[in-house]
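K.L.:
Spelled out from the first residue to the last, the chains are:
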Amino acid sequence: MAGGIKKFVVGCFDDEAVLFPAVKSVRRAGYKIHDVYTPFPIHGLDHAMGIRETSLHTAGFIYGITGTATALTCITWIFTKDWPLNIGGKPYFALPAWIPITFELTVLFAAVGMVLTFCYLCQLSPFVKKHHFHLRATDDLFVMAIECTNKTNDEEVQAFLQKAGAVEVNVQVAETGWWLGRYDREQKLYRNLEKGY
Amino acid sequence: MSLLKYESQIREPLVNGNKNYHQVTEDIISPIEMKPTRLWYIGFYISVALLLFGVYSIYREVTYGVGQWNLNKTIGWGWDITNFVWWVGIGHAGTLISAILLLFRQGWRTGVNRAAEAMTIFAVMCAGQFPIWHMGRVWLAFFIMPYPNSRGPVWVNFNSPLLWDVFAISTYFTVSLLFWYSGLLPDLATVRDRAKTKLRKLLYGVASFGWTGSTKHWQRHESLSLVLAGLATPLVLSVHTIVSFDFATSVVPGWHTTIFPPYFVAGAIFSGFAMVQSLMIVLRKVFGLQDYITLGHIEAMNKVIVLTGSIVGIAYITELFIAWYGQNPYEWYAFKENRANLFSPYGWSYYLMMFCNVVSPQMFWFKKLRRNIGFTFFMSIIVNIGMWYERFVIIVTSTYRDYLPSSWSTYYTPSIYEIGFYLGTFGLFFTCFFLFAKYFPVIALAEIKSVLKTSGENYKRKMTDIEKEDADKFYIEEVEHAH
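Residue numbers (numbering that gives the first Met the number 0), protein chains in the order written: chain A, 0 to 196; chain B, 0 to 482.
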């Protein structure tokens, strides 16, 4: 959750076929990619950037079984302890008749829980102000932001990106709030990997 | 690299014309940024007028009671529940397109899923009105929710299909809304980033939740959509199954059948696709989206209509056969006299249903008719009328004659407020849809962009060159190294 002002070198690409090799070469050169902003999901880009798989679906499973358990325990308590209804001498514990509601609550809990978790993890919410590196990142540009340290020579990085095929290069200063740079700790640098990509 | 973008030329392009990413944005967002046309205003005002009439009808019903409707001694569920089942059924096509076709990796869903999901949400909103206002003392509607209360330990009946319905419809609405809105976030961000005025920037900024398009966010977004699709698929089947349980678990002749769940689900998808067709044909024309909702899309949906229409047809005939084969005199009477006898009071509705749902969709076996827009629009209306009559036949012909002939009811015709309520839900539906079409991207932008380079017409033309490439060489060089 480190705050503070950081400097980024931003390179914009207009073709994903150029972006992929650029991501590879930037990582190989040892620069730290803060993020790549794209107008649509690009399959394989997360692997190329060295981001680990999301475990959102695991969270969804846990929310789902929570829903199942909630429905079953509540209905069981209500219909066997709190308010046992004699319906033609049938058993109070009428499991088959409870399956529909149990199923619905499973789905409801899983869906609501996952969406809330998704919004939390991505820090998405109304009235959240974020730094947008390029307005066309939601239109037709693939925008790569490279984080600078004290030692980084930003002109060198700019030249590097231009050589890699960026159509537009600039340097931006952005305040890293609690929504920025959450996951770059997970990112492994290319040279630290044994096998490489 | 290029083989990654390969798709056989036998497949029809999903996006026509010479498009690039920016052009796609331009085509889909620009209708939102322009002033609405005169046609939009006319349509919108008509919808609002219908909605107001609906509100007045409900006001009459709440003030003077359910007696404002012409329900009678044996027909306790008339137009009201017919409309409920009809609207719920219409909703199902949106979920089918967005969830089931996502799991089946059907690329053509990208052109129509956004508007179809919106249709689902508005249709479920309309459907929900009917059981709620039918309660009569609607200010006690919260009694249907289970909560600890001071009325002694009194709970709702968890063994009742009517309560299952409460859970099914409310879950369905919630999950559809979440699925739709999470898909909308990136596209609303596109509108935000193009906005020129301060107000638009603010409103779309709030609506898009500060979406940036970060790779990690997309990765989570993809995972979320996939799981939500996996959840919505059994959910949509369960919803209409549970609606059919409202009938099937009773002991009313004509309702008490085990075939109802699959028969209702197929019918729901059938009517829903017809509604999607009606809406899409108008939408593509008004907003000039013919390049994105192509004849190929319309044909694909017509294929679903002929399939589900035939399933419904088989269900009708099976039901009739079993009524005879089952040797239950009441069951057989309901089918033979109340329905299949053309000269019985409601015989006409049974044959109207048979014609609209079973006979007429068979026209779609002809490719020429499947790709004919005028005919498709006409058929979509016919199918919707037919599916409304299916519910009417099930509800009214089974209840107007019960076990005691002395209480057989007189001919049931709806009152003006019953009709007004129905028209009011049309008003609600179209008011919402007009607002949606004006203020939201009606086509899933990001999804179109992600299929553009495989399925766009101008990219398809280049596939011949790619076909000459050596697949084995590509595999060794690109795919193996990628991991």
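Keep in mind that the hints are not guaranteed to be accurate.
Stretch-level coverage of chain A by chain B, calculated; a stretch enters the list once three of its residues show a Cβ under 8 Å from a Cβ in chain B [what the hints assert, rightly or not]:
1. 33-40
2. 45-59
3. 76-83
4. 95-107
5. 110-118
6. 154-168
Hints are computed from structural coordinates only; laboratory data are not their basis. For each residue, glycine too, the CB sits at the ideal point set by N, CA and C.
K.L.:
Each of the hints needs a verdict: does it hold here or not?
P.N.:
Status of the hints after comparison with the structure:
1. Coverage of the region 33-40 of chain A by chain B holds [criterion: at least 3 residues with CB-CB distance below 8 Å; count 7].
2. Beta-carbon proximity to chain B at under 8 Å applies to 10 residues in the region 45-59 of chain A; the threshold of 3 is reached and the given coverage holds.
3. With a threshold of 8 Å between beta carbons, the proposed coverage of the region 76-83 of chain A by chain B holds, since 4 of its residues qualify and at least three are required.
4. Under the rule that three or more residues need a Cβ within less than 8 Å of chain B, the assignment of the region 95-107 of chain A holds, with 9 such residues.
5. Counting residues of the region 110-118 of chain A whose CB lies closer than 8 Å to any CB of chain B gives 6, which reaches the minimum of 3, so the coverage claim holds.
6. A count of 0 residues in the region 154-168 of chain A with a Cβ less than 8 Å from any Cβ of chain B is obtained; the coverage claim is therefore unmet, three being the minimum.
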